[in-house]
Amino acid sequence: MSDVAAMRALWILVTAALLGSTGVGLAAYASHGLGFIADPAAREAARATLQQAVQQQLLHAVVLLALGVWARQGAGRWLHLAALLITLGVLLFSGLIYLRTFTGVETFRPFVPWGGTSLMLGWLAIGMAAFCRKGGSPTSQQ
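Counted the way the numbering used here counts, the sequence shown spans residues 313 to 454.
No lab work stands behind these hints, which were simulated from the structure alone. Among the clues, some could well be false.
Stated by the list, open to error - Cβ pair distances, simulated, as ranges: (1) Ser314 x Gly347: 46 to 52 Å; (2) Ala350 x Val316: 49 to 55 Å; (3) Ala353 x Ser314: 31 to 37 Å; (4) Ile349 x Phe420: 18 to 24 Å.
The structure presented is a predicted model; accordingly, all values stated were derived computationally and were not measured. All C-beta atoms, glycine included, are put in the ideal place defined by N, C-alpha and C.
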């Protein structure tokens, strides 16, 4: 494995660990820390929204963990593209939901679906990585 490939695998694993760790903390906060919202109905709505964002974050942290392990075995462009798209997707989807819930800022709300789209494209890139084995094209073994 080249130094570049090793660094790519490392950033994927570190990103997975950071997303997993913060996801667990945010899940606990969603369950126990929304007391600052006085209205019970608004508090439950915020809890449900946060739990959806946390669920996506934790699921994709596990996906990134698997991609990081796969990358250590030698992977190509598609796998690294998948990791980038999934990371971007979590930041846009979950991150912007957190921003809206904790600050009330609605400015970036239209970008949340871009996060979902990025996650879907990440999954498709995983499929391409599997199809191409090491990235590149079906006939090249980069």
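Status of the hints after comparison with the structure:
no., hint, result
1, Ser314 x Gly347: 46 to 52 Å, "holds (51 Å)"
2, Ala350 x Val316: 49 to 55 Å, "holds (52 Å)"
3, Ala353 x Ser314: 31 to 37 Å, "violated (55 Å)"
4, Ile349 x Phe420: 18 to 24 Å, "holds (20 Å)"
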